[in-house]
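Enquirer: This is what each chain is made of:
4 protein chains.
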Amino acid sequence: MGLGVGLIGSGYMGKCHALAWTSVATVFPDVERPRLVALADATPELAQQQALAFGFGRGTGDWRDLVADPAIHVISIAAPNQFHAEMAVAALEAGKHVWCEKPMATSLEDATRMRDAARRLGRTAILGYNYIQNPMIRLARAIIDEDRIGTVNHIRLEMDEDYMADPTERFYWKSEEASGYGALDDFAVHPLSLLSVLHGRITSVVADMAKPYAERPANDGGTRSVENHDIAQALFRTEAGASGVLMVNRSAWGRKGRIALQIFGSKGSILFDQERMNELQVYSTDDPIGLQGYRTLLAGPPHTPYRQFIPAPGHGLGFNELKVIECNELLQAISGSRNAHVIDFERGLEIERIVHATARSAQSRGWVDL
Amino acid sequence: MGLGVGLIGSGYMGKCHALAWTSVATVFPDVERPRLVALADATPELAQQQALAFGFGRGTGDWRDLVADPAIHVISIAAPNQFHAEMAVAALEAGKHVWCEKPMATSLEDATRMRDAARRLGRTAILGYNYIQNPMIRLARAIIDEDRIGTVNHIRLEMDEDYMADPTERFYWKSEEASGYGALDDFAVHPLSLLSVLHGRITSVVADMAKPYAERPANDGGTRSVENHDIAQALFRTEAGASGVLMVNRSAWGRKGRIALQIFGSKGSILFDQERMNELQVYSTDDPIGLQGYRTLLAGPPHTPYRQFIPAPGHGLGFNELKVIECNELLQAISGSRNAHVIDFERGLEIERIVHATARSAQSRGWVDL
Amino acid sequence: MGLGVGLIGSGYMGKCHALAWTSVATVFPDVERPRLVALADATPELAQQQALAFGFGRGTGDWRDLVADPAIHVISIAAPNQFHAEMAVAALEAGKHVWCEKPMATSLEDATRMRDAARRLGRTAILGYNYIQNPMIRLARAIIDEDRIGTVNHIRLEMDEDYMADPTERFYWKSEEASGYGALDDFAVHPLSLLSVLHGRITSVVADMAKPYAERPANDGGTRSVENHDIAQALFRTEAGASGVLMVNRSAWGRKGRIALQIFGSKGSILFDQERMNELQVYSTDDPIGLQGYRTLLAGPPHTPYRQFIPAPGHGLGFNELKVIECNELLQAISGSRNAHVIDFERGLEIERIVHATARSAQSRGWVDL
Amino acid sequence: MGLGVGLIGSGYMGKCHALAWTSVATVFPDVERPRLVALADATPELAQQQALAFGFGRGTGDWRDLVADPAIHVISIAAPNQFHAEMAVAALEAGKHVWCEKPMATSLEDATRMRDAARRLGRTAILGYNYIQNPMIRLARAIIDEDRIGTVNHIRLEMDEDYMADPTERFYWKSEEASGYGALDDFAVHPLSLLSVLHGRITSVVADMAKPYAERPANDGGTRSVENHDIAQALFRTEAGASGVLMVNRSAWGRKGRIALQIFGSKGSILFDQERMNELQVYSTDDPIGLQGYRTLLAGPPHTPYRQFIPAPGHGLGFNELKVIECNELLQAISGSRNAHVIDFERGLEIERIVHATARSAQSRGWVDL
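Residue numbers (this note's numbering), protein chains in the order written: chain A, 1 to 370; chain B, 1 to 370; chain C, 1 to 370; chain D, 1 to 370.
Since the hints were made in silico from the structure, they are not lab data. Predicted, not measured: the structure shown is a model, and the values here were computed from it. Incorrect hints may appear among the rest.
Between beta-carbon pairs, the in silico distance windows are [as the list claims (entries may be wrong)]:
| no. | chain 1 | residue 1 | chain 2 | residue 2 | range |
| --- | --- | --- | --- | --- | --- |
| 1 | D | E169 | A | R360 | 34 to 42 Å |
| 2 | A | I289 | B | D147 | 47 to 55 Å |
| 3 | A | R353 | D | S364 | 21 to 29 Å |
| 4 | D | G55 | C | A71 | 12 to 20 Å |
| 5 | B | G366 | C | G95 | 48 to 56 Å |
Note that CB positions come from ideal geometry on N, CA and C, so glycine has one too.
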């Protein structure tokens, strides 16, 4: 009998969690099928409807019901960011394992509280950094680990979308200061999670944040000042001695789900773009002179765990399937594996610290050490 | 209470069906969750193990158990091709709906028998042509239907993989004459299904089939003659007046899951490659002079039914998710929708006829009319 | 003192020849600067104006003046195709070397006459197949010669542009039967020249030719029937045992200067597209499993003779510079080099034979042997 | 009779100038053919040899000979950077027009002196910023000017090559402090010239410079400390209100001639990469919903002055041909045109100021205003 699952939130990422919980045992032969016990959402009606749609046993308007249910062993948190800390700490304290969507929390204090609870209570507590689960990202790590591109000395990270790019769209909560720094906490955590997995820690940063549009149309027919920043960018240095640049922009017309990496080493380099998530480009000076060039690798059975999804190469995984891989890693972690490929609350807090240091640098107009 | 499902076969495509049946109700809010009643495979042991893994109620070594089970309303056939006809006809005669993997059958007689049974018994009977379910292919159809590229006058279709490309690999059943023509029936049905959906019927064809390797290493240490063709190619004309070329190659080093379309019309053109399945390229002469060029469209919420999977654009669907879409279309067809986007046995038989006419042309060295 | 040069024709390709003659000695350090003696065009006025513009000593309305001028050692023929034979034979008979634009002639008889004259008179006589001069095509040949992709077993050749793609454009001489077969002789010679250099001879062919538009607007306000074919396609076999497809289309909206090659071998493959003429894609099974993919090579100093133009890699050569390379090869051939990389009248006639055999096949609706 | 030309320096860029002077009148019909009067290089022997190779009337070991020659009206300076100022000022004072390679000079003082001389003496004095001459860059400017992407609010500039990427290569003068800042002055001027043309002035900058390799093998068998920086990166703000990032790296394995632009506006965006210099990518929100995507434009006759080189689209210009365009613009400027598309010493000095401000910021670890 598999673990009992509770899911809080059934919107964008909640559905993604539900799909992962539903599919994980079909995809991974060693996984015992989880039981989808209960789903919580804002109202009982919505929760019941979504429980039915997603195949959960029951729905509830109160997430604390899940925390209190002994049939539930692990809780997926896909609720609005400001509730993450309270939910995660309560779940951990009730002895549940926690799978929490990123960003971890809306303040460093909350994130620290979550990390402390995870440490104290010894349960598995991970964050939903699904992009690290891409077989091509794992391949990138293997390429670096096997020293195929030598010592990494320069890194560029970009994440861009265009959902805030239209200046004629009405002001909504995403532009309120209360919702956070803007692109910095919306996006930066993603490339930073990749950096964490592929390279290591940032030690210092200098940053700038910008508003492409100072104001937006308001509901009352007038305009309203935009309170946070749709663009952020930072120069950084890493513990391992590399220099780098981080760029995020949620008002970048034409970009839909771009997360672009450029990683340069002493013997080669690696390129990746999430918009072509099934490809990785590698340049190696081991190739003969005159025959060196970026090699476009297509995801296939040699790239773990692609084979579990499709036995033929080049057929393509999707964004949602990264969550299925993540779910399997979570289950490995819960079952005690030391090699589970996850970002736990410990490492998640490090990522949050970089985000906040970046914001401080943008405010102070100077370098900030971490 | 959703429909009862039986699955025959739990290999490559069987797993793909299982994932689709598991996920379809989570993805599509209007779908009642199907009940995974039973799974059949070659032996009871394998079937029981796979039933457990895939979440089916029971496993059986005899597919006729599924046909006889009144709790099963629809049967997925993902068994070896030579059994399709017998299984499909038996299922239809037992009043089940049928979802059968392609190719339809290994002979035109069998395919005709299947079509006749579907006609006679009035059940929903469709084929697993999942590539037509790609939102970008549907977008291509919409672009053509809306006359954005004008009258289509020329089409090029390619499907290439490299799983037979290594001449040092041992002879196995795929190279036996008994397994079929080779690349022609392995591959050609896929681009032909896209042609059927996007353009219409082929009326005449002249073809050639080739063996890149005349023999292969045999198990006994000697060599064995290859009996069918890893490469096939044909020139064709269509009912709508277009000329075209069909090319398939299962020994094409470097190609992993390429299904490439080039569709030229009197006002523009469309390009597609399954290896980048989330992209479609469109050239339109409606764009201003000097600003005309191929536009790379990334799959997103405007492209039905992408939105059901992910609310954000450019995040990427995977190969397996096409099967989920297909499953939903099947359910729409079963519930009586006239607009279900499927290839039924009627149209499937047309595709088989083209395959066999192509083979005849390669043998007769002349044009063959359809 | 360098060779004396005469140029017949100062349009599109005439200008391209003039640029090559002007630049060749600056680019290639071993080349003695040619003397631009005289230019001939349709009228004396035009010829004098163009001679001044292109830096030739004098202009003449009679191309026979060039043939008669003892100061001229080599004659560039960039006049309309129907005059090639007469001009080339006269020039050869006058003891000149000849550099003639392709296609060689408008009939097989004329082409044979040209070949015979070149044989008989022992002068250097080459055709302007500039695409073979691309360093990336030479690289492709080296890759094949060094057995990096093994034995070539399948080839696809495409050449497409869109200058005849607009059905609303008026009928003009390009659509007259007298101008030739259409796309077949406009385009096919280019990919066939590449095939000749990279692989070898075609031995049999089956073809189809198509008209995307049966008629076009005429000057008188009515319409006029199109007399030749904007689309041609053929299946072929080669002496070396490969199968292949040739596709040409001059009404392919969106294609501007596409000449695409796909060459598959027993150990790898090569892709090329003239629209990205500074790139070559190579797939090699010598790369480790899991790290195999198409490598995009950018033209640079290792790729002869790129270094003569630019010492830094990846900066890009242009179409016109291929003619400069060709000019240098012509000069090498004239000076007696056996290794000059050119298509002489002998090999040019072979290409013409393929074109005419293809046309015959399209008419007879059957395979034609060469 | 055209202008008399003197050329100082016959290496990489000297040859490029020679080709431009040789070809410009053939390409551009309105240009009077320049007379290649004399070439100067380090020794008389080298100069005479190169004069012969490049078609100049004579060679000299003393560049002042050119300055003194009344038959020379314009002087190309392609000598080492530290001599630019002395040569340019002397030439201007002798009444010559000056075409000087970039970077302008090795110190801000020298660059200022050059600018002052150009102002004072009223001759045409331009810098060899050839990348701005690319028809696709001009197209980008037209797209911005025509408000097709709206108000530009974010810009990313990258220039990367790999000629310093190999850590096993011996220390040579490029790594000496005396040679300059490193990548910053080697590369940054190029993307900054594009920024100047496409957008406008930078007003503030914060920067970092990095050494991928602290030391390199020395000729004596030991190692030697690297004295400047192969990597530089900066955040910036512009007068027009945009934010941006500048990144340059001359040790970026795999990059050969990358100059990548990303320009985001309120209605669309533009992408460019010099490694595919005949392409421009444009995203426009004027396209219909569901049909928006980056359009890849291929250089062709609508993109001035492509048509002067080749009448057919998509055939491709090369790096050297940008210099021919620049030469024509220089001649237009000399003949008094106000619309010549050049970077004169005035604007060149602005670019130098940004370079030096960037270096100061990297040293002071803070923002620097311009």
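Enquirer: Are the hints correct? Go through all of them and say.
Expert: The hints, checked one at a time:
{"no.": "1", "hint": "E169(D) with R360(A): 34 to 42 Å", "result": "holds, 40 Å"}
{"no.": "2", "hint": "I289(A) with D147(B): 47 to 55 Å", "result": "holds, 52 Å"}
{"no.": "3", "hint": "R353(A) with S364(D): 21 to 29 Å", "result": "holds, 26 Å"}
{"no.": "4", "hint": "G55(D) with A71(C): 12 to 20 Å", "result": "holds, 19 Å"}
{"no.": "5", "hint": "G366(B) with G95(C): 48 to 56 Å", "result": "holds, 50 Å"}
In summary, this structure violates none of the numbered hints.
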